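Student: Letter by letter, the chains look like this.
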Amino acid sequence: MTVNPLDMLIAGLLADDVLVRADAARLLGLTGRKEAVAPLAAYVAECRHCTKTAGIEALARIGDRSVCGVLRRIAEWPNVPDDWYWFFHRGVRAAACVALLSLGDDAGAGYLGELADRKHDVFYAWFAPAILRLKRRSPAVTALKARLTVEALTGEGAGRTRFTNPGTAAMVAEALGLINSDEARTHLRKLAQHQSRYVRAAAAVALVSGGGRRAEREFVAEMAERDRTDFVRIKAAYALAQAGEHNRAQALARFAGSVEDPFDLATTVDALGQLGRREFLPHVRKHLNHQDPYVRQRCVEAMERLGASVRDARKKLNDPDQRVRLSAAQFLVLREARKG
Amino acid sequence: MTTQDLLQAGVGTADITPPRPELLKPTGMGRLVPTRGVLDPLRVEALALRAGGEMAFITTSDLRTLFTEHGMHEELVRRIARRTGCDSRRILLSAVHNHCSSPEAADSSRKAKAALREANEKIISGFVEACAKAQETLRPAEIAAATTELASPVGVNRRMVLSNGTGINCWGAGPIVPFGHWVVGPAGPDSRRVDILAVREPGTRTPFAILTTYHSHPHLYELPYFSGEFPGGVKRRMESLFPGAVSLHASAVGGDIDLHTVHPKQDYEPQQVKWFRESVELLSDRFARTVAPAVPTDGFARPDRLVHEYYTSKPQESPGSSRLTILNIVALADIALVSMPGEIFHTCGLDLLSRSPFSHTFLLGYNGSREGYAPYPIVFEQGSYEVMRGPAPDVDPPGASAYGVRARTWTAQRIVEKTLELLVRLKQNS
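Residue numbers (my numbering), protein chains in the order written: chain A, 1 to 340; chain B, 1 to 430.
The shape of chain B in the complex, shown without the other chains (with noise of 0.2 Å):
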């Protein structure tokens, strides 16, 4: 070992808020009236990795997906390889799942087709970017990992139980309690983990790159603007307690996790714009109190190894299926990040981390791959928005659509038991 083997980390960041956000609007939860604009801009960060001789980048994005199934994934891992030079399989992406972000064509327009491809080509230049910039401040680092607990809730289960034993949402979606019937009780735990990957140079107190994720599935409203939402709320926090620092945010697997009852939502655009506003920054500062104080700031190392596994359903997939699951591990000393499929439950999430070999585990969702949301079995029994149309089959009929993105019974098991593979290999070898 040499002292060129030891850990260096970079850190670059670059702006990806759509340049005619008029012509636009952000995808999931179809918005009724035109886009007005930007509330707060959109981010891309990217934290580069150097141990052994092997590069590896980290990424994290304001972003709802990266459209697995438009090319945007593979375009993405492409073009970064190209630019630094890092094996493709050592790029982990991911995004956070904010509904006020990555955008559609407002309407059919050639202008507004136009915008589209000029703000898609924004974000992928953006990450291209980002790396490099990380790349470039390679310098001599050291890292530490913890995990922590919110003190009060953020991102909260969305999905109640009746007394009759089926499901609904709650809170802004799609709930209803029939006469008859009550609620028992919300149907899985709320989201209170976080783990936190503190990056500094030796020899320093401060971190240049805090890392956390953390599981949610944040859409606090479908306001006609484009916004960081939650996600960006709390890297702006995050900084502002740590002056110099750049913060990566990622929302881990948590598909029946909400943002929403915190407080009413208004019934007018003025004063939902402000209780937007208000909410993020209420979410933000509840995440950034219990977060800042468990920021690491002993137990650093400098790994000298960072190993990787990768995995990819490409082989037992149609062409252009949207069920394509790209799994995808770096791990260093006994910290493993894993870039994954986002929409998984919670519960799932919270299976995998407990059972994980590494002491640190860092779940980095919405990687673009396995679009739609993925339950443990008995939600398919239970019913509710995100399995109203009921379990896939277990192979799909001739003709079938590659754009299916309904889970099978077993799809989350098989996801969380194949990245568990993964990572019990990456320890052995490691």
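Here chain A stands alone, though its shape is the one from the complex (with noise of 0.2 Å):
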């Protein structure tokens, strides 16, 4: 019998382990079919995880109006443990709000900005990048988004740990890079000093984002050159692939076949995937069967961009991880839409 993959991939928000239903929603966001809608709706409903924002994202993504009286109640009532202490409560009501606004709803503005009131790292570094994309040009969404100044995001009102703690600092590397200000690279080039190589990989990547200027790619290409460790060489090479210096997408094709560390060659397909030229496959391909798992899904993920067949992704779907199989499932599913 076959299976459908779309029902698989809407199967899986029903697993058990939760990181295996926020991946499925994860994934059916980004087919954006609207078949996905009910029961991702459900899904962030019911589960009790702080994992479930990204069925809440992939509400947002796919852009169904419909949803939005569920992402209100979310937005007031998370349905997680109160952990008062950390953000169990802070991070699942403030993506629910996110998600309003790019539905066109404005309700969540009013928490959004108690957060900010409160300079809470949810606002000003988790959610800043998210805050910073919505499209909208409401003046709620725009009173927001004048809120993450570089000021507020690194002056002395940022927490004391915002910078000292690598998951806020790469985020807030991210939204600098949004801005994109003279004042928001001279931070990012301090955080291209960071201790943490995953920092040091973010305000590489936010330094040239949108292209950068002439002083930042030189900047990133000599991180690209001169880092210490493989993640942040091979993030910036990708930064400046991304920027248009074809030559650098070479390099983290030699990376594809050089790197050991199973995260970093993650890394490397995926952002092979991202720059999506099929001259690539092979680099990519070469990992189907790697023993890690992750490595596994990124170059399903990576070969449905490059221009991949089926096989490959049907050969997936009986792989012995379920992350696996439904990416593989999603590799069909988005084939399907572009055949169709």
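Keep in mind the hints are simulated off the structure, nothing from the lab. Given the structure is predicted, the values throughout are model-derived calculations rather than measurements. C-beta: ideal position from N, C-alpha, C; glycine also. A few of these clues could be false.
To be verified - Taking CB as the label site, the calculated pair distances span: (1) B:Arg20 to A:Arg72: 16 to 26 Å; (2) A:Glu114 to B:Lys274: 31 to 41 Å; (3) B:Tyr310 to A:Leu14: 49 to 59 Å; (4) A:Gly159 to B:Pro186: 40 to 50 Å; (5) B:Pro270 to A:Ser258: 50 to 60 Å; (6) B:Pro393 to A:Arg133: 33 to 43 Å; (7) B:Pro186 to A:Ala152: 27 to 37 Å; (8) A:Ala152 to B:Arg289: 49 to 59 Å; (9) A:Thr149 to B:Pro270: 38 to 48 Å.
Claimed, not checked - Derived, one-sided and incomplete: chain B residues facing chain A with beta-carbon distance under 8 Å: (10) Val177; (11) Pro377; (12) Phe380; (13) Gly383; (14) Leu422.
Both chains are sitting in their own frames, so use the hints and assemble them into the complex.
Tutor: Written out as structure tokens, the structure reads:
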């Protein structure tokens, strides 16, 4: 019996593993299929784990305003444990508010404003890039974006751990890249010296996002050549390739043949997929049976972008890892849509 | 060698439940509401070991910590040594990092402060009493050790890696997944390994003491109650399966191992208490179901020699420093028992165990020294709650607080290497 790949993705929303459920939601969002809206709405209402923000993001991406009622309820009562000390409640509520804003509903602006008043990292770090990426120009969205200034992100009001914790520092780097002012770039150069390779990498990508100026490209080129970690060199090369330096893409392809760390390899494969140049398909395909399931998953998703045949994806429907199988199903759904 | 040299062992327990819980609160995960009372009593256990004329005590307890910076560790060792005559360096202390135990005053009132003094005195005298009982019950004994792997999850790795490489805490401790990113997976292995030491009288079939060590950092939830939590549940369950035996349980090194994802927490206190109790029972049951059948029934031996090694970083620390590290190891034949700091990350503990020259090594964490998380270096680059303030500088700046507990990038590795150095030396001497 042939399994419908879209049904397979929807069934993934009911998996026992919260990470599988979140991945199914993410992949459904990327398909843009309206059939996913009702199951995603049920998932975000019922699931009690913070990873359901993947479902909230997916609903925003699909763009069906019929879910605004569900999202408004989550913005009020997120149905996750109220861990006052941490982010569970705030993170899920903020996700629902941002999704509402992207769907044209300003109901979430009030709560995001409260977080901003409290100088909270949920607003000024974790969801700052998502807010800056909102395309709408309603007064509510404009007002929220106006609060995300370089000074507010990086100045004295910033929480004590915003830059010592690499998680928040990397998100601020992403936000500064979206602001892309001289002042933002100055701060990004500082973050490019951070002790964490992941913050340095985020800063490299942010510095040349949207093409970057010559000075920034030279700065990032230096990182691509000289950083002490493969991860930063990979991300810097990717950022430069995205900015139009095609020879950097070749460097990425070389990384795909040389890096040993599975996460670095998965990142390289992902980057090659993002570049979307079919010539890189062999560099990706050779890792399709890598022992690390995350590498295999990134390969499947990259191969879809690189125009691989559906035969490769069908084989991966039998992968031992459920998340890889879901990515293969998504590959088939996307290909079907393109064919249609 | 005479029969007097052959192993003798005894075991004792004492109640250390705070006498006036309503004036106190458990430390760690600050409670938002006044403490209501005690869900189940707190206990300390002691195993006395004597071989070749040398004696040692192995202690386990339901506590979160032994508060080195408040002098509790030193006071405990001093008073146990005075009461039992044991060399203080052979008194191995441990706690389990249970966040429903070690008390602090609920407020700044005189009554609350007095209740805290009373509770701490009960803890200290409880340790002394348990050791004294263990010494009084010394009898000919034989020991055997085993290692097993849990069949169902109990302690899970609490950190997740996001697609941009940074780390977040999962389960109950600081999770957030921002738009544009996804979760790659757990940042490290779950905790499955359990080491088991059985102690019995020669010629008998059933042990009178069973020590289990398991890598974890238990805090199911910050309820306003005192409880033995999961470690207390394990001991109750093991003792019901081995009638007449005392169960000793230690949390080994598991700074990144929590007990959070078993089933969803509830939103209101009565349901939370019910959930808490059910969680304790469920997890203890999972633990005991695997461990009980693995308790050794053969391969027992009566060592005739007990050797020990002791390390303190005191000479290198400023007075009263929370960075004071104490390593305390006792070995009997091919079995080593290590008392050490406990918030070192699980991977480091597994590394230590895999490189130990002894066939069986028991890590008893949270000995009250070196409070604070100590991860492996890449964690500082990933970030998350445990390292959100970044690594401590290699050398403290002038005027730095003695209470700073931030780890340096090399802290965990140095503790592991120092422990291995002591283990190797012990192995050579034994």
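Student: Each hint needs a verdict: does it hold in this structure or not?
Tutor: Hint check:
A hinted range of 16 to 26 Å for the beta carbons of Arg20 of chain B and Arg72 of chain A is inconsistent with their spacing of about 47 Å. One distance hint, 31 to 41 Å for the beta-carbon pair Glu114 of chain A and Lys274 of chain B, holds here, with the actual separation near 33 Å. For Tyr310 of chain B and Leu14 of chain A, the Cβ-Cβ distance of about 55 Å falls inside the hinted range of 49 to 59 Å, so the restraint holds. Taken as a hint, the range 40 to 50 Å is violated for the pair Gly159 of chain A and Pro186 of chain B, whose Cβ atoms sit roughly 26 Å apart.
One distance hint, 50 to 60 Å for the beta-carbon pair Pro270 of chain B and Ser258 of chain A, holds here, with the actual separation near 58 Å. Distance hint for Pro393 of chain B and Arg133 of chain A: a CB-CB separation of about 37 Å, consistent with the stated range 33 to 43 Å. A beta carbon spacing of about 34 Å between Pro186 of chain B and Ala152 of chain A agrees with the range 27 to 37 Å that was offered as a hint. Checked against the hint of 49 to 59 Å, the C-beta distance between Ala152 of chain A and Arg289 of chain B comes to roughly 53 Å, which is consistent with it.
Between Thr149 of chain A and Pro270 of chain B the beta carbon distance is about 46 Å. The supplied range of 38 to 48 Å therefore holds. Annotation: interface hint on Val177 of chain B holds; nearest CB of chain A at approximately 5 Å, less than 8 Å. A least Cβ separation of about 10 Å between Pro377 of chain B and chain A goes past the 8 Å threshold, and the interface hint is therefore violated. Here the hint on Phe380 of chain B is kept, as its CB sits about 7 Å from the closest CB of chain A, short of 8 Å.
With a least beta-carbon distance of about 3 Å to chain A, the hint placing Gly383 of chain B at the interface is held under the 8 Å criterion. Given the 8 Å rule on beta carbons, the hint for Leu422 of chain B is violated: about 31 Å separates it from the nearest Cβ of chain A.
Hints 1, 4, 11, 14, counting from the list given before, are not met by this structure.
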